[in-house]
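Novice: In order, the protein sequence lines correspond to chains V and P.
Note that my numbering has the first sequence beginning at 221, numbered continuously upward.
Note that my numbering has the second sequence beginning at 4, numbered continuously upward.
By construction, these hints were calculated from the structure, which means they are not laboratory data.
For glycine and all other residues, C-beta sits at the position ideal for the given N, C-alpha and C.
The reader is advised that the hints may include incorrect statements.
To spell it out: a stretch of chain V is covered by chain P in this simulated footprint if at least three of its residues, at any positions, have a beta carbon under 8 Å from a beta carbon of chain P; those stretches are [what the hints assert, rightly or not]:
{"hint": "1", "segment": "489–502"}
{"hint": "2", "segment": "559–571"}
{"hint": "3", "segment": "590–596"}
Derived CB-CB ranges, DEER-like [claimed, not checked]:
{"hint": "4", "chain 1": "P", "residue 1": "Arg143", "chain 2": "V", "residue 2": "His541", "range": "49 to 55 Å"}
{"hint": "5", "chain 1": "V", "residue 1": "Asp638", "chain 2": "P", "residue 2": "Ala142", "range": "41 to 47 Å"}
{"hint": "6", "chain 1": "V", "residue 1": "Gly641", "chain 2": "P", "residue 2": "Ala142", "range": "20 to 26 Å"}
{"hint": "7", "chain 1": "P", "residue 1": "Gly170", "chain 2": "V", "residue 2": "Asp638", "range": "42 to 48 Å"}
{"hint": "8", "chain 1": "V", "residue 1": "Pro603", "chain 2": "P", "residue 2": "Ala211", "range": "52 to 58 Å"}
{"hint": "9", "chain 1": "P", "residue 1": "Gly170", "chain 2": "V", "residue 2": "Ala662", "range": "20 to 26 Å"}
{"hint": "10", "chain 1": "P", "residue 1": "Arg143", "chain 2": "V", "residue 2": "Val479", "range": "48 to 54 Å"}
{"hint": "11", "chain 1": "P", "residue 1": "Ala142", "chain 2": "V", "residue 2": "Arg572", "range": "37 to 43 Å"}
{"hint": "12", "chain 1": "V", "residue 1": "His466", "chain 2": "P", "residue 2": "Ala211", "range": "46 to 52 Å"}
{"hint": "13", "chain 1": "P", "residue 1": "Gly59", "chain 2": "V", "residue 2": "Ile461", "range": "46 to 52 Å"}
{"hint": "14", "chain 1": "P", "residue 1": "Asp184", "chain 2": "V", "residue 2": "Ile461", "range": "41 to 47 Å"}
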Amino acid sequence: MIALRRSIAVHLAALFFLLFAGAIGGAFAASYWFVRAEIVSRMRADLAARADAIASRLRTQSPEIALSSETGRRVAAVFDANGALVAGQPALSPVVGWREIAAGPLHLDEEPEQESESVLRYGRRVGERILVVGEGMHIAEDTGEALLAGLLSSWAFVALAGCAGAALIAWRVDRRVRRTEEALASYAGGAMSTRLPLTGSGDELDRMALAVNAVLERVAALVETIRQVTTDAAHDLKTPITRLRHRLAEAENSPNADVKSIISAAAADAEQIVATFDALLRIAQVEAGARRARFDLVDLSDVLETVTDAYGPDLEQAGQHIETAVAPGLHVRGDRDLLAQAFANLVENAIRHAGCGAHVSVSAEARGSSAQLVVSDSGPGIPEADRARVLQRFVRLEASRSTPGTGLGLTLVKAVADMHGATLSLSDNWPGLRVTIRFTKA
Amino acid sequence: MKVLLIEDDEPTAAYIANGLRQAGHEVDHSADGRDGLVLATTCTYDAAVVDRMVPGLDGLAVVRTLRSIGAKLPILLLTALGGIDDRVEGLEAGADDYLGKPFAFSELMARLNALARRPPITTGATTLQVGDLIMDLVARTVRRAGQPISLQPREFKLLEVLMRNRGRMMTRTMLLERVWDFRFDPKTSIVETHVSRLRAKVDRPFEAPLIHTERGMGYILEAPPDMGGVPRR
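Okay, chain V solo, but in the shape it has when bound (with noise of 0.2 Å):
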């Protein structure tokens, strides 16, 4: 059951339901005033054309013959020039202009049992004396009361229309936030794929919904890399963590270890511990999408440049040749730390693995709205089916794993390049393997 007096709805529908009566008292109370106001003002016409009537009668008649005509709610007497009573309606005053005299004991000669009303009563001077006329102002108290009873009802009709209104707002609203607390009781419960439920109305629960659902969608993102972290860190880190427990447990132990030559052994895994363990920590952040806040205009163009000035030597030695045809001014948004890296593990993976004679090309060109890189080699190459799996962490294709590395290279690319929006293919160079990362220009 929802807890009225803490539903919003409710709260909405009471605050509405006074509004509401406000508003239609007020509209009630305006049209009250401009109908007795129209009424009053045909009044005074009618009275002043009967007085005119009357006054005309009253030069060739007796004052009772002139007012006999004047029976029923209407009333009129004749007073002489000191104001006595001459003929007529004795309750009347002799008294010149208009006046409305409120619910008197003005009682119509011929009713006398009558209930009192309040009368518009009007004088004027007739020769010498004076004339006044009346009528019982019925027709406007009527007209009110009509519509007091018109307001009480719409005030009924408002209330029940209002308690129908919050109770079917408050059962909707209820049962939506319903499903959203169960929605994120599971969440918080651990199935970390659980997301609010839309309607798809785009109303402002939708809206809040959506909202809420990519926190969870970045939550649930962030959980996975750590767990990809610790997964991996665990799976790689302690292979060479038990080799250096093993070279530390040697020099204490045998008296005739070569101390110095473990400890550098030992030396040269804590750097391989590290190097791994930094490249994890580096492709979970950028994955976690940490940098992008600081997003800049990046260079493309000068980055590469950079990088492949910076192992042009390296790749000499390797016995490689290196063309490159760069486009110059190519813009992207981006970090221009992490693609210099993303674009040097590239160049390294071809120095690596094309091996000595191969012919390494950079190209980086305008496409339409994206700028396209692309780093060739003419090495043996990734075989299709694995192509997909280098990308992963950890996987490197030699089952040895004898040349240097922690297989972390490509990922890093990949990393970096989803960071970016780009996207970044692996295909077949005829001969070596062809990486192409397309970014949207800047």
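Given the coordinates of chain V, assemble chain P onto it according to the supplied hints.
Specialist: Showing chain P alone in chain V's frame:
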């Protein structure tokens, strides 16, 4: 020089302090950020080495506080965090340089030297001279013993960095940062091959070598004593 060391890990602190003392420097050590800050504000130091994660007050806050009260001493920030943003955060806080753990002492010493004795005049100078080697920064030409030497742009930059830091060891990572703007560790010998190319042009045709290798640590450019250089130990 007098160095303030703020580092809570005892073995690391001892390693750094011993190294600095052996190199003839004076070291004050604090294992706590707050105490370190008090030391930094009450005594005068030529440089500070601050670990990023220390109890009391964390390293970044120490650096920020020191900068906010106008302390100008060079600060080298150490960190065990491998984060890719840590360097930027450290520099933004006001540190002058940044070194990730674990590190070789030679690296720390080289960076500290580069910071502490930063020559103030080099920015305005248009020529650099070490012994008979003269670099014209405006015309971008290099001469040694009057003979012009033709250098590639990157070789020029490498030589410029070495000349600006004459007599000081420049480690491999420092050269990677300053010459190529690389903030990662290449798996190949970029620095070595470029230095050997530079040597082939700058040193080999001449009698006395100017570029010296400190094995496993880095490179020093220095004129021989008879050409005005400081004798090397």
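Novice: Does each hint hold? Answer for all of them.
Specialist: These are the hints, each one checked on the structure:
Coverage of a stretch by a chain is defined here by at least three residues with a beta carbon nearer than 8 Å to that chain's beta carbons; for the segment 489–502 of chain V and chain P the count is 7, and the condition holds. Against chain P, the segment 559–571 of chain V contributes 5 residues with a C-beta closer than 8 Å to a partner C-beta. That satisfies the three-residue criterion, and the hint holds. Given as covered by chain P, the segment 590–596 of chain V fails the check, having 0 residues with a CB less than 8 Å from a CB of that chain where 3 are the minimum. Distance hint check: the CB atoms of Arg143/P and His541/V are about 29 Å apart, inconsistent with the given range 49 to 55 Å.
Taken as a hint, the range 41 to 47 Å holds for the pair Asp638/V and Ala142/P, whose Cβ atoms sit roughly 45 Å apart. For the pair Gly641/V and Ala142/P, the beta carbons lie near 43 Å from each other, so the given range of 20 to 26 Å is not met. A beta carbon spacing of about 45 Å between Gly170/P and Asp638/V agrees with the range 42 to 48 Å that was offered as a hint. Between Pro603/V and Ala211/P the Cβ separation comes to about 55 Å, which falls inside the hinted range of 52 to 58 Å.
For the pair Gly170/P and Ala662/V, the beta carbons lie near 43 Å from each other, so the given range of 20 to 26 Å is not met. Remark: the range hint 48 to 54 Å for Arg143/P to Val479/V is upheld by a beta-carbon distance near 51 Å. Against the hinted window of 37 to 43 Å, the Cβ-Cβ separation of Ala142/P and Arg572/V comes to about 40 Å, which satisfies the hint. Judged by the Cβ atoms, the range 46 to 52 Å given for His466/V and Ala211/P holds: they are separated by roughly 48 Å.
For the pair Gly59/P and Ile461/V, the supplied restraint of 46 to 52 Å is violated, since their beta-carbon distance comes to about 32 Å. Roughly 33 Å separates the CB atoms of Asp184/P and Ile461/V, a value that falls outside the hinted 41 to 47 Å.
Hints 3, 4, 6, 9, 13, 14, counting from the list given before, are not met by this structure.
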